[in-house]
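Chain A is fixed; fit chains B, C and D onto it per the hints.
Protein chains in written order, with the working numbering: chain A, 1 to 363; chain B, 1 to 363; chain C, 1 to 363; chain D, 1 to 363.
Hints may be right or wrong, so weigh each one.
Identical copies go unnamed one by one, so any copy, or any two together, can satisfy a pair.
For lysine to any residue, the following SDA-like pairs were computed, each having C-alpha atoms within a straight-line distance of at most 20 Å [as the list claims (entries may be wrong)]: (1) Lys188 <-> Ser166; (2) Lys97 <-> Thr232; (3) Lys188 <-> Arg308; (4) Lys2 <-> Val17; (5) Lys2 <-> Thr65; (6) Lys188 <-> Glu206.
No wet-lab data here; the hints were simulated from the structure.
4 protein chains.
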Amino acid sequence: MKALVYHGPGQRGWDTVDDPTIIDPTDAVVRIDTSTICGTDLHILKGDVPETVPGTILGHEAVGTVVEVGAGVSTVSPGDRVLMSCVSACGRCRFCKEARYGQCLGGGGWIFGHLINGLQAEYARVPFADNSVYKVPEQLSNEQVLFLADILPTSYEVGVLNGKVSPGDVVAIVGAGPIGLAAILTAKLYTPGRIVAIDLADSRLEVARRFGADDTINNSRDDAVAAVMELTDGLGADVAFEAVGVPQTFELATELIRAGGHVANIGVHGHSATLHLEKLWIRDVTITTGLVDTFSIPPLLRLIASGRLDPSLFVTHRLALDDTMAAYDTFADATKTNALKVVLQGTESHGLQTAGAEMLVAL
Amino acid sequence: MKALVYHGPGQRGWDTVDDPTIIDPTDAVVRIDTSTICGTDLHILKGDVPETVPGTILGHEAVGTVVEVGAGVSTVSPGDRVLMSCVSACGRCRFCKEARYGQCLGGGGWIFGHLINGLQAEYARVPFADNSVYKVPEQLSNEQVLFLADILPTSYEVGVLNGKVSPGDVVAIVGAGPIGLAAILTAKLYTPGRIVAIDLADSRLEVARRFGADDTINNSRDDAVAAVMELTDGLGADVAFEAVGVPQTFELATELIRAGGHVANIGVHGHSATLHLEKLWIRDVTITTGLVDTFSIPPLLRLIASGRLDPSLFVTHRLALDDTMAAYDTFADATKTNALKVVLQGTESHGLQTAGAEMLVAL
Amino acid sequence: MKALVYHGPGQRGWDTVDDPTIIDPTDAVVRIDTSTICGTDLHILKGDVPETVPGTILGHEAVGTVVEVGAGVSTVSPGDRVLMSCVSACGRCRFCKEARYGQCLGGGGWIFGHLINGLQAEYARVPFADNSVYKVPEQLSNEQVLFLADILPTSYEVGVLNGKVSPGDVVAIVGAGPIGLAAILTAKLYTPGRIVAIDLADSRLEVARRFGADDTINNSRDDAVAAVMELTDGLGADVAFEAVGVPQTFELATELIRAGGHVANIGVHGHSATLHLEKLWIRDVTITTGLVDTFSIPPLLRLIASGRLDPSLFVTHRLALDDTMAAYDTFADATKTNALKVVLQGTESHGLQTAGAEMLVAL
Amino acid sequence: MKALVYHGPGQRGWDTVDDPTIIDPTDAVVRIDTSTICGTDLHILKGDVPETVPGTILGHEAVGTVVEVGAGVSTVSPGDRVLMSCVSACGRCRFCKEARYGQCLGGGGWIFGHLINGLQAEYARVPFADNSVYKVPEQLSNEQVLFLADILPTSYEVGVLNGKVSPGDVVAIVGAGPIGLAAILTAKLYTPGRIVAIDLADSRLEVARRFGADDTINNSRDDAVAAVMELTDGLGADVAFEAVGVPQTFELATELIRAGGHVANIGVHGHSATLHLEKLWIRDVTITTGLVDTFSIPPLLRLIASGRLDPSLFVTHRLALDDTMAAYDTFADATKTNALKVVLQGTESHGLQTAGAEMLVAL
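Just chain A, same shape as in the assembly:
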């Protein structure tokens, strides 16, 4: 089969590799019908994730069709159309029993395209299939559910739920890239009073408005703390999300929060930040971090089915699975291409919404 293979820092190929097979009785083999690329894939390609060894197939977000299951799999069968979670769950360890699948001690967690072969391929081996895939309702297209694999539950669980967004809250989102946008989209499920997006780029802030931000602050020009204080009678935001992954944005989030507020870190960090305890010790703040568990896939799926959550705004480009190499180029050059998410479609991509030579969609 064909697959996107990591060959060490800066190097990738659309290679012919062996088809995957069942190894453990809890495995399934799935044909990948629709897939996408994540910012984390780019990090791996830069060499920032040393535990991913050259030769690994990348990708951890896909929808596909089960073609084979191991003897221990009882809830899915060949022919089932399934969404694969970016996080695998053994279902038996202490953390899985608390629905904290991202911390699985039994061999799961974030393994696809990281510790084992991933989902940017024609086929994939899916461990712990019973606890790690979700059947897709007939009426939904692959593309409609694709972002439930990672980005939507990430922003919802690690941002919205950890941050305890409540109706009427002022929510400040530091960073308006895809993760920040998903945070806007899923924060709206709790009807905040005001969503404030903060970013260095006007173009991203404009997209944030389209996703539902009520106010935008360009902190390359304006003092974000002062602006948030003005919007909140000097108290600060009820909830702040860090959605970038650098020390400055985290520190900003802790400055614009009100006493008693919640700072939810969603970003992936490579460096430590400064925590101003000399100011914060007295302010009753709660700071959370987290890896997605994807326990929220079922309710989010129901909301997509009922039309109350619409992830289609994310789709800026659609390409054929065979064009995965080009898709990486498009996605990596987001400043020019305005790419948010690039959908990769196999030949049997259920719910293919457009087809033909020209598949690029302008934002």
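Chains B, C and D in isolation, oriented as in the chain A frame:
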């Protein structure tokens, strides 16, 4: 001044009475600019609430202007436009310290138009003013905030919050009168997957759809339990609200709930119900009851200000304060008049939205 | 092998039956080393549980040694000493993913000695072994962990946790049989200010004091509601547990609760109760029901290991497994024998604490 | 009257000053019968708290007798014996309505001995008396309730409740000074499986054992992280308290926590700390900070009354109120004197437990 006075079962008058004065240092006197009538007022008039003695001015929902404050009042001043909560809070007792104002042990709780003179009058004495009134933001009209006095926080706190509505839930609402409609409106703040309204009257179910119900079941014709089970793969609703106040509707709510679900009783009951513990003991259900505390007025006010909660759907009729007697006739005959809430407007009613001879608004 | 077999209402035998074998790949076969009898077993014997068919081996509480595992079992191996939960968990269904194992939709739930053969036998087939058994730490005896199979998690989860017992609370426990006593023991983990036990029998109340009740009320003589009000400045108990299973005790629990309090039903009911909504609608009460999930076995196990939870008070009698018939007689005649829990010990019962001809222990 | 007056960094006197009087109608004047000294008082004396101006009477922990109340005070009267909270509450602002009194926006918060005159004096003016003092039950001595003014609620609210200690948890407490010891005492209300105290001094660790620590680690000698990992099968502690107030101890707390665990900062910090987001972003940790609100005084008072919380272990020294200067010397030299809390007793100190020339109590 003029006021709507209860004269014993079935008897009321728009009487000339003494103007109220400050009695306790924590009192304010407020000019009533906008008021309304509640189903509970009708219950009192029927004689169902024996602790309300003849001679009492009725009404517990109003917006007005402070004209005088006692020596112990520090947060509002003459001239302030304020929303009065239907529940007064001493602010010092055990329950007030837990924001459980409805259970106030210090002389508060639901007292307006019940144990002391109420708000369907030209002026009213407002006890515990610091903890019981809310300043109205400049940009909002009286009518926009009026329903925060009772019906919206009641359905939100006693229904939505007690019932722990979460994004994606199936919420069943038994009863589509004003309280059930307010439950639909405020449940939407948590983006349920599906709102199912159940009532005996098609006309009310049609209104429920306008308020946001996704599905409606007329249980004079159809088996509501069977219908809910069909909508939920046989599991039952995640949350059910009882919004009528009779045993049958409560019992229905406990039948259509899923294992692990929440039944939130909002209705005011005069009789006991049968609790089928022989079925329910094993089903992990949570049943809650409650009187409103109105602690949710501030966030709901913010949502009205930001346009995310629109109570205007409730206003079916507008009359002058002097026409309170006619307003009672209209409200009491809801089956014919289709009245939901009747707005009573004084001569200085801020934000008067329509004026003139014809003030009746067709639904 | 030998096993205690139900032969229809009123009839049981210690019969020779076929040894159990692995049927599904997720099964284990376990040698039963220590077992016990539950009040529910007596209900089945009375014919109150029609879904239990004649020929079924009874019992759902045991500690044993794994002798064989199916191909899909990965966390336990032959030779492991394990506690079996009274509730089996498929680990894959919606409810299991929420740790609501008692409501398992995948073939688990309470099945032992109910829908499949149980644990009062020399050997047992244990379905879903990975998610339904718990390894016993070396330093603990079988008897120390035996009551984690059912009675302790039942009172803890369905009583203490559902009732949200908090430090300083007044906790009223209606019923001082084994379940009520387990509720006293596990409520103490949250350091209530006062535990009030209510029962009709002075002998049981005396035992309740030994388990930790601060106050006891014999409601065959005294007015329990008045007595609780006197202890609580007229407010009522913060939390009340129903631990009997009849309408009267449930209704009593709802009468002695304070506004804002929690009534946690633990008892198994065969009849409906009257819910006095005409009084309760305004009192902010929360009523919960539930079947045990046993998700609390790991923390309770740690507390037994650290000596902070001591279940040994329950053991009133110890008999050999071969004497299961006599053990039933002793347990069923608790009024005379004062039996709380009867421990049945196989020949290899780890941690056998006493041995010899005379195994009856006076309370 | 006499009072302990701050005269600028390093300078204090037991001076004759004017008696306090009622200023606002919500004030009370209280005769101080029993008082004590807090580590924060020493910080002020060092000049670390610039907003405390010379001339201020210090102290924020006392029990006394009401001698006069303002016109707006309704819940206490002259003659009442009352505990004064270290935090005053206006009872009317947004934060007071959420029981977040430490963040009071209406003139309260921590003001005693900080922004206004404090409680180490013969008399004190107590603002917002209705919401800031607590009547002492007859059967309890002043000394028994004295530590409810600050240290016990601080460790309980900011440590135990923020850290969500649950039965069976492993709780690590970094710092075994008075605040760390109070954290041990109040954590036990939730029956953790194991309490691990970490400190640089063996003498303090020995005291920690007396307060209830199960394990102690001297991190001047031993690797605390390695030691905690060994105690927890390599997972880390469920909850960690920072109870010192320096960057190193905070950072240690974040290193020894398990994935999904809670770090509750209790210490008062003068410097920023490093937050290792590059490790923590993926570990689902929750970090909280906070100033005490003292909302937990009522339940803790009930637990002292029922004998389930015993603060007497804190009392290492008792002196007469007139010896406040000497008491400061004793308290400030804790390394030599082993002082934990020094009780200052006026001539009418209710419940004086020992009297006579020699009042020093060996630990």
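Hints, verified against the model:
1. Taking the shortest Cα distances, Lys188 and Ser166 sit within 20 Å of each other both inside one copy (10 Å) and across copies (13 Å).
2. For a Cα distance limit of 20 Å, the shortest separation of Lys97 from Thr232 across copies, 18 Å, qualifies, whereas the shortest one inside one copy, 40 Å, does not.
3. With identical chains, the CA atoms of Lys188 and Arg308 are at most 20 Å apart both within one copy (10 Å) and between copies (10 Å).
4. For the homomeric pair Lys2 and Val17, the shortest alpha-carbon distance inside one copy (6 Å) is at most 20 Å, but the shortest distance between copies (57 Å) is not.
5. Within a single copy, Lys2 and Thr65 get their C-alpha atoms as close as 17 Å, which meets the 20 Å cut-off; across copies the closest is 48 Å, which misses it.
6. In this assembly of identical chains, the alpha carbons of Lys188 and Glu206 lie at most 20 Å apart only when taken from the same copy (17 Å versus 27 Å across copies).
Violation of the numbered hints given earlier is absent; every hint is satisfied by the structure.
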